[in-house]
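Starting from the known structure of chain A, arrange chains B and C on it as the hints suggest.
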Amino acid sequence: MRKTVQRYYPLFPVFAAYFILFLVGKNVSGMWQLVSTLLFYCALGQAFNIFLGMTGYVDFGYVAFMGVGTYGMAIAITRLAHVEALGVLIVAIGFAMALVMAALLSVAVGAVALRLRGAYFAIATIGVNEGFRFLIEGAKIWNGSDGMIFTAQLNQILGRETASALSTFWADVIVLIIAVLAAFVTLFYMKSKIGYALTALREDEDAAVVMGINVTKYKIIAFITSASFAGLVGATSWALKTPYVFPPEVFEIHYTIEAIIIVLLGGAGTLLGPVAGALIYGISKYYLSIFLPGFQLLIFAPIIIIIIILFPEGVIGMLKKSFRDSTLMRFII
Amino acid sequence: MLLEHLAGNLIQGLVLGAIYGMATMGLSLIFGVLKVVNVGHGAFIMVGAFITLWIFNALGLNPIFSIPIAFAVGLGLGLIFYSLAIRKLLKAPELSTLLATFAIGILLEELVKLIFGSEFRGYNWVVGKINLGVTVLPVAKLYACIGSIIIALLLYLWFNRTRAGSAVRSVVEDDEGARVCGVNVGGVYALSFAIGIGLTVASGVLVTMFIPVGINPYMGGGYTLKAFVIAVLGGLSSPYGAFFGGLIFGIVENGSYTLFALIPGVEPFALTRFLSFVMLLVILLIRPTGILKAK
Amino acid sequence: MKGRFSLIAISLVVILVFIFSSSLWAASKIVIGHPACLSGKYAKAGEQALGGVKACVDWINNVYGGVKIGGKKYLIKYKYYDCESKKESVTSLIGRLITVDKVNVVFAPYSSGLTLRGAPVAESHRMLYMDHGGANNKIFRQGFRYIVQTIGPASRYHEGTLDMIHKIDPAAKRVALAYEDSEFAKMVMEGAEAHAKKLGFNIVFKRTYPKGVTDLTPLLSAFKGAKPDFILGGGHFEDGQLFNRQMADLDINVKALSLIAAATLPAFYKALTSMAEGVMGPSHWEYGVKYSESRAKKAGLPWIGPTQDGFVALFKKAIGKNIIPDYHAAEAGAQVLAYVLAAKKANSLNSDKIRAALGDLKFMSFYGGWDIDDTGLQIGHSMVDVQWQMGKRVIVWPPEGQTGKLVYPMPTFAEKAKGKLAVPR
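Chains as they are written, first to last, in my numbering: chain A, 351 to 683; chain B, 12 to 306; chain C, 89 to 513.
Just so you know, these hints were derived from the structure itself, not from any lab. Hints are all accurate, no fakes.
Pair ranges (Cβ atoms, derived):
1. B:Gly144 x C:Lys405: 53 to 59 Å
2. C:Glu278 x B:Asn142: 33 to 39 Å
3. C:Ala387 x B:Gly144: 52 to 58 Å
4. A:Glu434 x C:Ala387: 42 to 48 Å
5. A:Leu439 x C:Asn435: 41 to 47 Å
6. C:Glu278 x B:Asn68: 36 to 42 Å
Some chain C residues flagged as far from chain A (calculated, every beta-carbon gap over 12 Å):
7. Val155
8. Gly159
9. Gly398
10. Thr500
In this text, a Cβ means the ideal position worked out from N, Cα and C, and glycines have one as well.
Chain A with its partners taken away, still in its complex shape (with noise of 0.2 Å):
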């Protein structure tokens, strides 16, 4: 019994970060709009870990789940919109959508994609991306480049002040939701089979495939999952707290840029790292459009150069290596 207890003392540290970040957004007048971007990058760099820290791929086309999962909602809301009967239900059935198509379209990329790897996996991936976007855009699918515009549509079903709410703070709150369960989902991989399937997998693959383990399903799982948090993150940050989709913005490579930053930052692999990963780069961005508005980017790139050479297990990955044996590092993997 101890024993499963302390199997879950990583989260402590993650949760408590939640926690505050929860409580400064609430009370500190300012801060809850700063906050949800916060959560939103620590979301996304959760849900990215899943795939990337486990396996070491580098999925370029990330982005592309989470514009499917702002597709799955867009189209629940504006399909479904004149049934007065759903309500706030509605939100749900676009959630499921959302998890729907971003598995969906995970599982037809894993299947071409995941034959590949290291770089050939990285340029596939953006392949995917960038062609899903044209394709929506030359075939005219859900109205292709005119994208969707839908907070009419929300306004119509929940009410004018549902809909307000729902958007400025109902969606952070789930982002929240969606970065802890990611967290939990992250914790429960890495103690189970698939964890140390494919810790094999990055130390070696072909070592791995070698002892018998089978590489490929691990390596879906954690694919379909990441996709999936992906798909959720997009359908809320982007559909519900952004009432339009449009193709080149729910489709722009910057984001995976964004998600692999974070990642790296914190320690890829690590459970604490993306949290940490997403406050030192949201906070830091944050701070530098306030203070010097216009050269953060210039200021940003050689800090991300520096970090990779000089901590290039992240923070979390060096505190790890530092704290080898005391009694912190049961919190912290």
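Structure of chains B and C alone, referenced to chain A:
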């Protein structure tokens, strides 16, 4: 009418393809030797474009003169970034170099923006046009195409006829083996990275000869994505494979427009882009070594 | 190792101190908050908007003598951050502006997408939200209550051009439409298509091209075969330059070419030089328009703000560069004037009251007319059409605002390559 249009597009595609190919050779060289994907590739093309623009406007020099200058600047940039960052990351996981090259790209973009501003610029080099009947080809584009072919040939000769070139080739084949045979692998890495960046910056000059407008700090992104597709077409680690990959890409991209335009109710232009990425996936699956190389 | 660790600890402390020390300053000032796009993809338009707002704030404070509300004189303070043209930053910065900086009004960032992203936050705080860079008509069909538009709606961009050709050359019936595949440009295209049909034009070609293209050759060759009399199109800055350049390369000659967004900017001519001669573009505002106090009087509208030259001088001072402002600057600046007039009229700084006053407001400034409908959509501002003639931008439409005559048909590209300029007869 349809065939005429198709023929015109194919000719344009061939010319464009030569430039695309040239613009990808640097990426392939760097990947072949160092196994590093340069995600900041497009930013170096942008640097080449700004060099051309600056030389044309400030000194009034013909863009052709900018090619060696851009190459030299690229060599310098390559050596700087290699010794400051890339060298230290060669043993690190893939992710580190992907992110480092991306950050280098951003750094270049923001520096250029600081110096030149974010205006969209261009230059007007009037050298006439050739009317081919099915289409019209400006002479500047033709020069760019010929320039690409010459540079590709020079690279080929360097690879196959010089000692440095064969050292690079041996590292591409097997870097441990090369080390055992006494090749200075570290030196080859530095040289290849520098030449790869040099080629990329020089290709920026050719890109502006083809399209002398829209030059701005953020113009590189689209070229990075295209270069990835082309590099894969050519086998990813072979620079002259990339050149032929570029030719094929240009022809498919332009030629397919005419065919997609026959489908009612779609936007053919976006579908040509879709097709190129489908092509990428198919090739990665059935022949990751590229379409030209036999296994 | 130790040193590195303490360095991290110190920086964490510094960051935390920053977070919790929300700067408190009470003000007897009116504060305009703006998540401006100073970097990223909209940096160009963002810089212009910044200059335009600064110029008009300067004018209000130093020439107009501040704003008198309830017998008290207020000065305007302009508080802006850089949103990097990214939606995540837009909401967090608007949140900060409203709650920490306690601004009185929020100016939306550039583009329809970013404007939409910020709208729910502004609405939930019942904060007036003024849109100077989001032209999509659909923004105003969403039921937002606090959003007010100064930029003209996208659907009307090319109406003037069509009216002009309809009048000047009734024989020219064949029009080709080729726009960028983006929400904004497609809305312009729909508006142009509807208006063209209404005027009896024959649409011989209608296609889009994806955002970020680097080669338009296949599309341009395709409409060469359709033999249009004139072409309407464009989308953004870089594709507009490309469009014009490659038409020249392919030797496609038409009587008129009008491109949205790109063609009216000085950079367009600088990049294309003689190839841009005779090319047109619709604009919300252009240096040289003839809006003045006396014209406002004639139209029966109240006048406010600097004269056109006054605005240009203030703009140059504000951004510290010697460039002529473009319409992004003018519409952002006009927005300051609209706010000031409405606040005075409402005699209050309450967003609801000012929003109501804006609903009744009609005025003219250097930017032209300003009037909104019930949803907040701009209906009082008419666009002008600009043509490049001998390296200068000449306003050729509407007739009452002309600074010169239209050159029609424009010279062919072969003539332009030989140095022929667009000279009015």
